[in-house]
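**Student:** So the chains spell out like this:
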Amino acid sequence: MDIFLQQLANGLTIGSMYALVALGYTMVYGVMRLINFAHGDMVAASAFVGLTIYTQVMGESASLGAVVLIFLLSAGSMAVVGIILERVAYRPLREAPRLSAVVSALGASLVIQNGIMLIWGPRMRIFPELVPQVYWDLGGVVISLIQVIILLLSLVLMITLYLFVEKTRMGAAIRASSIDQDAARLMGINVNSVIALIFIIGSSLGAIGGLFIGLYYRGITFNMGWQYGLYAFIAAIIGGIGNIPGAMLGGMLLGLFNAFIAGYVSSTWSDAFTFILLILILIVRPTGILGERVAEKV
Amino acid sequence: MKDIQKYAYPIFFAVMAVLPHLLDDRWQAVAITFLIFTVVALSQDIILGKSGMFNMGQALFFGMGAYTTAILNSQFGWPIIATIPVAILIPALCGVLLAGPIVHLRGDYLLVTTIGFNIVFVQVLQNNLGGVTGGPNGIFGLDSLSFFGTDLMSQISVYYFAFIVLLLTLWVMHNLAGSKAGRAMHYLREDQLAAESIGINTRVYKIFAFGLGAGIAGLAGTVFATQYSAVSPEAFEFIQSVLFFSIVLVGGSSVPGILLGVFVMFVLPEIFREFATWRYFVFGFAMIAAMILRPRGIWPATFGKIPKFLIKENNHGA
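Going down the list, the sequences are from chains A and B. Going letter by letter, the first sequence gives residues 1 to 298 in the working numbering. Going letter by letter, the second sequence gives residues 1 to 318 in the working numbering.
Just so you know, the hints here were simulated from the structure itself, not pulled from any lab data. Owing to the predicted nature of the structure, the values given are computational and were not obtained by experimental measurement. Some hints here could point you the wrong way.
[To be verified] Pairwise CB distance ranges, derived in the manner of DEER restraints: (1) Leu-293/B <-> Leu-5/A: 49 to 59 Å; (2) Ile-83/A <-> Leu-293/B: 21 to 31 Å; (3) Glu-234/B <-> Gly-65/A: 39 to 49 Å.
C-beta atoms are modelled at their ideal positions from N, C-alpha and C, and glycine is treated no differently.
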C-alpha cells in the first residue's frame, strides 16, 4: 500500500509536468495539424535559460520574488522563441505538403537542441535549488514541497487555460480555428494571430514544464527535450490530440502509468511499456481517449 | 530525366566502381558508409516517399539486419555470406508483423508508433534481452567477409560488397517503379481513398511496402556489421531514423536527391571535421531552408510518363 501511495504521489507530479508540455503540442496540432517537434527542445531550453537567469541576473538568490521572476522571464523568453519559430519555420509552409512542415519542425528541433549544446555545453548541468528541500513523511509516504508546488501550480495553470479556452472570445477563436481554419477566417477571425497566441501560450506552459523538470530531476542536459517531448507528445495522443482536456488527462495517465511501472515492474523497461500502452490505446481508440472519431480529410 | 538515365548514371556508376582505388583507408571507410546509408535511405524511400506512409523508424530494420548477422556469426558461427538471407527475411517479416496492426492509423499516429518501435528496439538491445544482444556494448569481433573459402579481409572488398548491394537496391526500385505494385503504391500515396475506389487493396500494398523496405534495410545492416565487424545499439537510435526520414523528404524522394542528401548528411561532416559540433545546428537550418524554398524536395521525383500539364498541384501525403 505504501508503494502504491508513494507512486501515486510521484505519478501525479510527473503527470502534471507531462500535461503542461503536452498542452503545447496539442494546441499547435489542433490548429495547424503539425507535430511541433521543436516544442520538447524549447522545454529543455527553458531549463537552461532559467539556470542562466538564476546565476547571472538574480545573483543566485532564491527568494520568492526571484523565483517568480525566473519563472516569468523564462516563460517570456520561450514565448518569444515560439513566435520566431512559427514565423520562420512554420508560416512559410502552411500551404505546403504536410511532410515538408514535419521536416521543417525536425530541423527547428535540431537547431534549438544543438543551439543549447553550443551555448551551455554538452555536459549535464545541475539546476539550482530554487525551492527549499522540505519533506513530509505521511505514514511511510514521503512527499516533498517541490511535488506539492508542481502539482498545485500545474492544476492552477491548466484550469486557467481551460476557462480561457472555453469562456472567452479569444478562446472561442482558438476553438473555431482548430475546427476549420478557412471557415474561421470567413467568420472574421484573424487566424494568424490565433496561431501566434497558441505559440505564446504553448511555449510558456512548456517553459514552466521545463523549469519543473529542472526542479524535480535536478540534472538537465541539452538533449533531454526529445525524451520529455516524446513522452508529452504521447500523452497528448493518448488523450486525443488537438483536445485540451485530453492533453491534461493523457499527461496525468501517462505519469501515473510510468510511476507504477517504475514502482512495481522495472524502470529499465519504461520506454517499452509506454509505447506498448500507446499502441494498445491507438488500436482500441485510433484517435485517443477524448478524441473525436473523424475520418482523415481527403 | 531521360538525359540523366542516359549519361549521368553510367558516369556515376563508373566513378563509383573505380573510386576505392583512388582513396586512402579513411576515405574508403567514408565511401562505404555513404553506400550503406544510401541503401537505407532508398529503403526508407519505398515506405515513405513511394507509398506515402509516415515511417520514422527505419533504423529499427537496419539495426535488425545488422544484429541478425552479428548474432548468427558470433553465437552460431555462420559465415557472413550465409547470414544474408536471414538478415533480409527477419527484418522483412518484422516489418510485416509490426506494420499489420498499425498501417490503418492516420499519418501522424503512424509516425509516432514507428518512433515507438524504434525506441523499444534500442531498449531491447540495451537491456540484453535473451542474453544475445550484448547489452549497451553490442557485439564485436565478427568474422570478415569470405567467399567460397577466399578471405576478403580488405576494405576494398567490403566496398564492393556495399556497391553490389546498392546496385541491387537500385535495380529492385527501378523494377518496382514500373510494376503493378509500384503503381499501386504511387496511387496510394497520391490519394488513398481514390486508390481504394479503383480496387487497389491498400492494406496489402502498405504492408508489402513495409516488408520490402525493411528487407532492404536489413541487407544494408549486414553490410554495416561487416564494415565495422561490430554492432552496438547507438548506431540504430531514433536520431538515425530522423536523418533517413529527412534525407528522403529533403531529397525529394528521387535517386539523385537521396544521393545528394546522404552525401550532405554523412560525407560533408567528414570533410569539415573541425566544425563537427556545429553539424546538426547547421543541418537544422538547412532542413528548414530547403523545405521553405523547395517544399517538394530539392530534386522531386517524377512518376511514369504523365505530361506536366496534367499533374494536379495537391498536397502529397496530406
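**Student:** Now look at each hint and say whether the structure bears it out.
**Tutor:** For each hint, the structure was consulted:
| no. | hint | result |
| --- | --- | --- |
| 1 | Leu-293/B <-> Leu-5/A: 49 to 59 Å | holds, 56 Å |
| 2 | Ile-83/A <-> Leu-293/B: 21 to 31 Å | holds, 22 Å |
| 3 | Glu-234/B <-> Gly-65/A: 39 to 49 Å | holds, 44 Å |
Every hint from the earlier list agrees with this structure, and none is contradicted.
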